[in-house]
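**Student:** Dock chain Y against chain B, hints included.
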Amino acid sequence: MDGTGAKGDPARARWGALLDVGPLPGRPGIRASGEITVSTRLSWENALTELSRRHTDVSYVELSEVRFVDVAGVTALAVTALNLPVGRVVVERPPPQLPRVLDLFWPSLHRIEVAPR
Amino acid sequence: MSTATTDGAFIHPALFYRSAAEYTDRTVAFVREGLAAGEPVAVAVPGPNLELIRAGLGTDARDVTFLDMTEAGRNPGRIIPGVLRAFADAHPRGRVRIIGEPVWAGRSAAEYPACAQHEALINAAFEGRPVTILCPYDETLLAADVLADALVTHPTVITAGSERVSERYDWRAVVARYNEPLARVPDADVLRFGPGQLPEARRFAVDRAASLGLTGRRLQDAELAVSELTTNSVVHGGGSGTVAVWAEAGQVVCEVRDGGRLTDPLAGRRPAERGQIGGRGLLLVHYVADLVRVHTTEEGTAVRFYLGVGGTLADSSPK
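Chains B and Y, in that order, give the protein sequences. According to my numbering, the residues represented by the first sequence are 1 to 117, in order. According to my numbering, the residues represented by the second sequence are 1 to 319, in order.
Please keep in mind that the hints were generated in silico from the structure rather than gathered at the bench. Keep in mind it's a predicted model, so treat the numbers as computed, not measured. Yeah, the Cβ is synthetic: ideal placement off N, Cα and C, and Gly gets one too. There's no promise every hint is true.
Stated by the list, open to error - A few chain Y residues facing chain B, derived, Cβ under 10 Å:
no.	residue
1	VAL165
2	THR231
3	THR242
4	ILE277
5	LEU284
6	TYR287
Said to hold, decoys possible - Chain Y regions said to be covered by chain B (calculated; three or more residues, Cβ under 8 Å):
no.	stretch
7	195–202
8	214–225
9	268–275
For reference, chain B alone in the conformation it holds in the complex (with noise of 0.2 Å):
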């Protein structure tokens, strides 16, 4: 799901940070772990792109490992959620960024629950 390297390994992007983004094991969604930024934007969107096409009611994006988000990494996720047909999706433990973020462009996105850390 990465689409910049082999399942498990980090893609060391071109501009510097670090993401390891895959299936959420069990559960429908997905899992990352590293910096959600410019460097990593392709891999982040793609599994986004995953996660809505196998979306059927809830699904699950677990960020505990995510030391930070910037404001187009949370505008993928919030217009993922918008654009999905039924459901929500459930953002467990993300970094601070994420509610702040949300919290000023999107203040009554219902689409989305947040699992705080």
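**Tutor:** Frame of chain B, contents of chain Y only:
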């Protein structure tokens, strides 16, 4: 005041006032005129003036949206997206009426150029829209050059109750004049970054900001803002830049310089549509910071943002 109209033009008068009584009379009349015409009305002025208008309106205040401009508009750069367009866009049918007082006597020398540019850019942001924004200026407390600028940023001015056309109206001139060089600060910590060093640039800024006393959400906001600015440098600003951090009068200041040029004067001042993919980076910086200053030329761009250390006032942000 002849501020009522039936066409779709943008109306943006400056109101020069000399006393609390005059302020109350004229602003309350302006609000009542809007309410009588069925227009949605918002008042965004400093706290004490908010109370004058609220008291003057009596029970009519129920139908008006009130915002303390010293909080909602602490950073002048977020007033257009976070206050004015937020209200106007929420009422898309018919004319909308707002009192906006972004310039008050306590504004600092660092803040004022951003205030003047904001007043100028309102004209670009609302051109052709059925919106009326009245901007009060305290003639007894504000400096002569501030009042002179108000004649350049407003097509009309109301003095002693009569409205006249401002012959000096030329908002682009004020945007250009306050595009002032930002002098490098000698004792700032500086890091040069290229495409491979975005995480390092971010961590450098966070470490320095923390060592200067920034904590909690304000420190997280600094990290987000630096990330957006350095990413812009790498993607749009020539691929590299410098980030500098220092302390100044109770605030932490972060500055990112690169070789790009900002050609859109409203960049970072348009509210984002919910489904919009890009274009939120500078807007985020405006939303979280207490002040944003920009200097942009053919040779490059410097964006400087200020975050108060330990202040609760600056913790506010628009929704």
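**Student:** Checking against the hints above, which ones are violated?
**Tutor:** Violated hints: 1, 3; rest satisfied.
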